[in-house]
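Asks: Assemble the complex: chain A is given as a structure, and chain B must be docked to it using the hints.
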Amino acid sequence: MHANQWLELAVYIAVLVAITKPLGLYLNRILDANGRTWLDPVLRPLERLTYVILRVDPAREQGWKQYALALLVFSLVSCLFTYVILRIQEHLPLNPQTFGALTPHLAFNTAVSFVTNTNWQSYGGESTMSYFSQMVALVFHNFFSAAAGIAVAAALVRGIARANSHTIGNFWVDITRVTYYLLLPVCIIYALFLISQGMIQNFKPYTTATLIEPQTVSVQKTDANGNPVKDAQGNPVMVNQTLTTQSIPQGPMASQIPIKMLGTNGGGYTNANAAYPYENPTPLSNFIQMLSILAIGSALTYHLGRATKNQKHGWSVWTAMFVMFLAGVLLCWWAEAKGNPIHQHLGVAAADGNMEGKEVRFGIFDSALFATVTTDASCGAVNSMHDSFTPLGGLVPMFNIQTGEVIFGGVGAGLYGMLIFVVIAVFIAGLMVGRTPEYLGKKIEAYDVKMTLLAFVILAIIILGFTAWACVTKWGLAGLNNNGPHGFSEILYAYTSCAGNNGSAFAGLTANAPQYDTTLGIDMLLGRFAMIVPLLALAGSLAKKKIIPASAGTFPVTGATFVILLVGTVLLVGALTFLPALTLGPIVEHFLMLQGTLF
Amino acid sequence: MKTIVTEFGRSIVATLFFAIIVCGIYPIIVYGLGRAFFPSQANGSLMVDSKGVVRGSELICQNFTSDKYFHPRPSAAGNNGYDPTASGGSNLGPTSGALYTNIMQNIAAYRADNDMPSNAPVPADAVTESGSGLDPHISVANAELQIPRVAKARGLTEDRVRELVKENTAGRDLGLFGEPRVNVMTLNFALDELGKP
Numbered sequence: 001m002h003a004n005q006w007l008e009l010a011v012y013i014a015v016l017v018a019i020t021k022p023l024g025l026y027l028n029r030i031l032d033a034n035g036r037t038w039l040d041p042v043l044r045p046l047e048r049l050t051y052v053i054l055r056v057d058p059a060r061e062q063g064w065k066q067y068a069l070a071l072l073v074f075s076l077v078s079c080l081f082t083y084v085i086l087r088i089q090e091h092l093p094l095n096p097q098t099f100g101a102l103t104p105h106l107a108f109n110t111a112v113s114f115v116t117n118t119n120w121q122s123y124g125g126e127s128t129m130s131y132f133s134q135m136v137a138l139v140f141h142n143f144f145s146a147a148a149g150i151a152v153a154a155a156l157v158r159g160i161a162r163a164n165s166h167t168i169g170n171f172w173v174d175i176t177r178v179t180y181y182l183l184l185p186v187c188i189i190y191a192l193f194l195i196s197q198g199m200i201q202n203f204k205p206y207t208t209a210t211l212i213e214p215q216t217v218s219v220q221k222t223d224a225n226g227n228p229v230k231d232a233q234g235n236p237v238m239v240n241q242t243l244t245t246q247s248i249p250q251g252p253m254a255s256q257i258p259i260k261m262l263g264t265n266g267g268g269y270t271n272a273n274a275a276y277p278y279e280n281p282t283p284l285s286n287f288i289q290m291l292s293i294l295a296i297g298s299a300l301t302y303h304l305g306r307a308t309k310n311q312k313h314g315w316s317v318w319t320a321m322f323v324m325f326l327a328g329v330l331l332c333w334w335a336e337a338k339g340n341p342i343h344q345h346l347g348v349a350a351a352d353g354n355m356e357g358k359e360v361r362f363g364i365f366d367s368a369l370f371a372t373v374t375t376d377a378s379c380g381a382v383n384s385m386h387d388s389f390t391p392l393g394g395l396v397p398m399f400n401i402q403t404g405e406v407i408f409g410g411v412g413a414g415l416y417g418m419l420i421f422v423v424i425a426v427f428i429a430g431l432m433v434g435r436t437p438e439y440l441g442k443k444i445e446a447y448d449v450k451m452t453l454l455a456f457v458i459l460a461i462i463i464l465g466f467t468a469w470a471c472v473t474k475w476g477l478a479g480l481n482n483n484g485p486h487g488f489s490e491i492l493y494a495y496t497s498c499a500g501n502n503g504s505a506f507a508g509l510t511a512n513a514p515q516y517d518t519t520l521g522i523d524m525l526l527g528r529f530a531m532i533v534p535l536l537a538l539a540g541s542l543a544k545k546k547i548i549p550a551s552a553g554t555f556p557v558t559g560a561t562f563v564i565l566l567v568g569t570v571l572l573v574g575a576l577t578f579l580p581a582l583t584l585g586p587i588v589e590h591f592l593m594l595q596g597t598l599f
Numbered sequence: 600m601k602t603i604v605t606e607f608g609r610s611i612v613a614t615l616f617f618a619i620i621v622c623g624i625y626p627i628i629v630y631g632l633g634r635a636f637f638p639s640q641a642n643g644s645l646m647v648d649s650k651g652v653v654r655g656s657e658l659i660c661q662n663f664t665s666d667k668y669f670h671p672r673p674s675a676a677g678n679n680g681y682d683p684t685a686s687g688g689s690n691l692g693p694t695s696g697a698l699y700t701n702i703m704q705n706i707a708a709y710r711a712d713n714d715m716p717s718n719a720p721v722p723a724d725a726v727t728e729s730g731s732g733l734d735p736h737i738s739v740a741n742a743e744l745q746i747p748r749v750a751k752a753r754g755l756t757e758d759r760v761r762e763l764v765k766e767n768t769a770g771r772d773l774g775l776f777g778e779p780r781v782n783v784m785t786l787n788f789a790l791d792e793l794g795k796p
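Chains as they are written, first to last, in our numbering: chain A, 1 to 599; chain B, 600 to 796.
The set of hints was computed from the structure by calculation and includes no laboratory data.
Keep in mind the model is a prediction, meaning the values are calculated, not measured.
Examples of chain A residues toward chain B, derived with CB under 10 Å:
1. Leu46
2. Ala137
3. Ile175
4. Thr270
5. Ala351
6. Glu359
7. Gly487
8. Glu490
9. Gly508
10. Thr597
List time: in silico DSSO-like cross-link candidates among lysine-lysine, alpha-carbon distance up to 27 Å:
11. B/Lys650 with A/Lys204
12. A/Lys546 with A/Lys309
13. B/Lys765 with B/Lys751
14. A/Lys546 with A/Lys450
15. B/Lys667 with B/Lys751
16. B/Lys601 with A/Lys544
17. A/Lys443 with A/Lys312
18. B/Lys601 with A/Lys65
19. A/Lys312 with A/Lys546
Here a beta-carbon is modelled for each residue, glycine too, at the ideal position from N, C-alpha and C.
So here's chain A without its partners, still in its complex pose:
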């Protein structure tokens, strides 16, 4: 934990704070159907054209049921769109490596994964996806699952801010404006920056390079039909072969990565994701990628404050998020810097920390910060392999997701997730003083609390339920890459990541099997839509209520007491639900590692 790294952390936090207000103010304009921006001269005509083509009247708002219906139908249709493209990939253009169609279960898993903003990858991008599939089937959802998330958060904020209203905005207007005025313009500039750092953007076939030093490698001998030859004992026969070339993937990567990060999607162009040198070429590109993960989530808290005319509340929510962010970074960084005593005993330099699965250009700190940030949000991009983290270093990302990714969180999803905890916190505060809980002048009644808890309980049930199921089945155990408690962590991480719509993984787990693809797919669908629908119902319910003036007995939703109560609620609910499972995985593994136990 060097001075230089502390300084980088300070700079990261300073820049995040600095962009929160301006971006929040900009979001305010975008999320108001009549808001004006300096991009109007260019984009207003396109926006108008879109409404004409979609036959949407931008002045007409929707009630929560219509809003939810539009979101669900659009998600279903666009999910099918992606499924079909992946299934007929071989017949589509821009496929220089002639990749075949995906299997039905993999195409299902992938389509669901992208429509839910999860971007779990059961496939390796550079060996599975054509340029067309990447650019169309996947990038489409990178934009619109992000826009939909922001739209839901905006609708919930409207519900909180409005009184005696039957509408919460128009879904079509929200996603159109978010995409045109926010995501697209930022992505174009961002992409150019990434190319300057070394990211590729082309449509040529994979490059064949002549190795600087040809290598002799041992490969399995095959007969004329391509079947492996075995000796008398049934072992494969190995022969030496000289390797003289290297095939280097190409393609339209720089247009995909900005929205992957900014929209907290996280689905890599390649299998190694942001660890792949093309996908994250320099520490500077890494810094901007980490910043763009949290940018919108942070700005949305400012939007909350502005929209509810209580800026202090916005910053209080921000502070609660920040406290948990900092705690996570410090624990993860410390654990990774301390390294693995087992390997240090063998002769690995102790000062270097745990470098397994990490890139030299990022080192310990940038890897730990990235892992924390990507799981605070529902991003799930990785620049190092979480599977190879130390037990406590790997616990941080897992627990971050299990809190519901409310630490800035996914675009939109982070804010609406945190508002669940705000409602629970004021409910608990109300119970403690024996008053009907209030939130910003709205009475929180039985219906609201039910909807809130529904959204939370579903997360716990699917994560723990599916993990338990996979642990006692043959297919569940067949995919493991590690034994002992670490194997359990791999399964727990997978269902946690999918339910939380994160998409990062303890990637040793081989999840591309029919049972995993399917159960993880269901996990992702429930984790996304079984949360969004109750939340929109909550938005509708809140919008209808009248504002009651604050009194001496009203629990203030600003200041230190509120921040402590909110953080306490998040940690308590998360810990009570997941601590037993975490004890069986990373926590017990930590003590085994200190003892030097191997599996």
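Replies: Chain B only, in chain A's frame:
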């Protein structure tokens, strides 16, 4: 019911229309900008030798095993390592026996290659596999330990090799971000180009 049908129709139109914008026009704009401003990077930062042959990318590692080259980090990408079409790490956890064996063997090989005493600590990056399996960089300490071996194998002075290492070392970006690092690909390429007309 009527609303549902309307929303289905609208969703189909929306999917196709939005796809034209974000999956068609947008990537082509980025492609055009990349070509105009940073063509070399957009095409993969490829390294071409004096005969015009593509020898690799500055950003994508290859394997080097003989004494006259600097050795990269071990790789888990593909069956033989360093396969850019099968990127990834070992994904072995901290208590994995397989990882223990790998690291033990890597340490022994590294010490033997670089003439080190059997109890000298080894730089972590030299014996662990990177996340991508394609990490083109090694730490400065790792490069320093390899200089005598490379100099001897090539009949160069250590100072000459050290000079080249320095030329292929990058500091922290903007003096702040990331870690200092030596690029094995450009360094080995430069070593081979040395003395060529």
